[in-house]
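So the sequence lines, in the order shown, correspond to chains A and B. The first sequence maps to residues 1 to 278 in the working numbering. The second sequence maps to residues 1 to 121 in the working numbering.
What you were told as hints is all true, and nothing was included just to trick you.
According to the in silico footprint, chain A covers these stretches of chain B (three or more CB under 8 Å from chain A): (1) 4-17; (2) 38-45.
Per label pair, the in silico range of CB-to-CB distance: (3) A:Gly-148 <-> B:Leu-96: 23 to 33 Å; (4) B:Arg-100 <-> A:Lys-244: 36 to 46 Å; (5) B:Leu-96 <-> A:Arg-68: 15 to 25 Å; (6) A:Lys-277 <-> B:Ala-58: 31 to 41 Å; (7) A:Glu-124 <-> B:His-37: 44 to 54 Å.
Simulated from the structure, these hints should not be mistaken for laboratory data. No experiment lies behind these values; they were computed from the predicted model shown. Positions of the beta carbon are idealized from the N, C-alpha and C atoms, including for glycine.
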Amino acid sequence: MTAIEFTVVVWALSALAGFLGALTGLGGGVVVVPALTLALGVDMKYAIGASLVSVIATSSGAAAAYVREGFSNIRIGMFLEIATTIGAVLGAFLASRFSTHALAIVFGLILFQAAYLSFKGVPENAERVASDALATRLRLGGSYPVAGSPQTYGVRNVPAGFAMMFGAGALSGLLGIGSGAVKVIAMDRVMRIPFKVSTTTSNFMIGVTAAASAGLYLKHGYIDPRVAMPVMLGVLAGALVGAKLLVHMRVKTLRMVFGAVILTLAIEMIVNGITGKV
Amino acid sequence: MDDRRLETIIGRLLQAGVLLAAAVVTIGAVAYLAQHHADRVDYRNFVPGGPGICTFPAIVRSAAHFESLGIIQFGLLLLIATPVARVALAIAGFALERDRLYTVVSVVVLLILLASLLHAT
Chain A
1 MTAIEFTVVV
11 WALSALAGFL
21 GALTGLGGGV
31 VVVPALTLAL
41 GVDMKYAIGA
51 SLVSVIATSS
61 GAAAAYVREG
71 FSNIRIGMFL
81 EIATTIGAVL
91 GAFLASRFST
101 HALAIVFGLI
111 LFQAAYLSFK
121 GVPENAERVA
131 SDALATRLRL
141 GGSYPVAGSP
151 QTYGVRNVPA
161 GFAMMFGAGA
171 LSGLLGIGSG
181 AVKVIAMDRV
191 MRIPFKVSTT
201 TSNFMIGVTA
211 AASAGLYLKH
221 GYIDPRVAMP
231 VMLGVLAGAL
241 VGAKLLVHMR
251 VKTLRMVFGA
261 VILTLAIEMI
271 VNGITGKV
Chain B
1 MDDRRLETII
11 GRLLQAGVLL
21 AAAVVTIGAV
31 AYLAQHHADR
41 VDYRNFVPGG
51 PGICTFPAIV
61 RSAAHFESLG
71 IIQFGLLLLI
81 ATPVARVALA
91 IAGFALERDR
101 LYTVVSVVVL
111 LILLASLLHA
121 T
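Model the full structure from these sequences, guided by the hints.
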């Protein structure tokens with residue numbers, strides 16, 4: 001393959017991944033990495049390096065839009081980022097110790113979870129609760145607009161949520177993904193934060209988490225400019241278009257198709273990891 | 001200044017940072033493809049260190065010489081800097097609100113980010 005062919009094909013694949021990732025809320029990383037490794041034979045380490053960069057682009061690029069809606073909670077985000085950034089540094093360190101085959105297998109397992117969420121949708125917790133003692137001390141509660149008027153919400157189970165965020169950070173650093181789904185589950189299910197607040201705060205956190213692994217990725221040479229360039233530009237373009245269309249589209253059918261695609265990728269990643277082809 | 005206003009300002013700055021980074025990467029991409037479009041490329045096997053533009057000084061030096069790959073890496077560095085800037089701005093915001101707890105929390109996050117970035121490169 002020539003450089004121009006590679007660049008064009010990777011850009012197009014990445015734009016599609018970013019588009020689908022924005023529509024389904026699962027992010028572009030989970031598709032871009034298997035697409036690069038399975039379809040184009042790119043080594044996992046270049047793929048996760050390029051994916052990590054694209055994760056930062058979509059997170060920072062979408063920040064202004066999310067803030068406008070008035071849902072994200074900067075205190076919750078900043079407090080939990082202590083856990084995600086430390087986890088991310090550990091994950092990025094582990095990535096350099098793992099063989100490519102092992103990385104492929106772990107990635108496949110995460111894809112299974114993403115496929116499951118895509119079929120089922122991230123379960124939403126509608127019941128609001130009052131803050132417990134620790135969350136009150138940390139002033140994590142807040143308010144968000146419901147049908148135009150502000151509704152207050154409380155936060156619970158801070159230690160459990162914090163621990164899960166450490167895990168989300170480690171996965172992000174290990175696999176070059178945003179691990180937004182794990183972050184949303186930690187906030188919505190465990191800490192009882194409203195779903196809309198959880199998803200928008202998660203988007204804010206993803207970029208900071210990814211930046212914590214970026215240094216190690218650079219040092220180890222995972223971020224190759226010739227691979228990262230089309231991935232970053234493609235995912236960003238796809239995600240911006242996807243976010244614009246999101247409000248006008250029925251995503252249920254799309255989520256089913258996306259889930260089936262991810263499930264196929266999950267099986268292929270694991271099989272190729274075990275047989276040593278990736 | 002309240003949280004909402006602070007977040008709006010931060011959000012705008014992040015978006016501007018991403019657009020700037022994307023513009024720099026695009027310039028590098030055009031230069032790279034103009035020179036190397038017909039080169040055979042193969043990324044099947046990971047080569048530790050790659051093209052060797054992996055540290056801050058090396059990236060800045062390469063970009064300053066208008067080398068295409070150095071310009072792309074420099075754009076990616078700008079991108080990596082956007083969340084770091086976001087945390088730094090949050091520190092300033094919380095300090096203005098005289099919110100001591102969250103000023104400290106934000107400083108801790110910034111220190112973790114800087115330690116990992118500087119240690120690694």
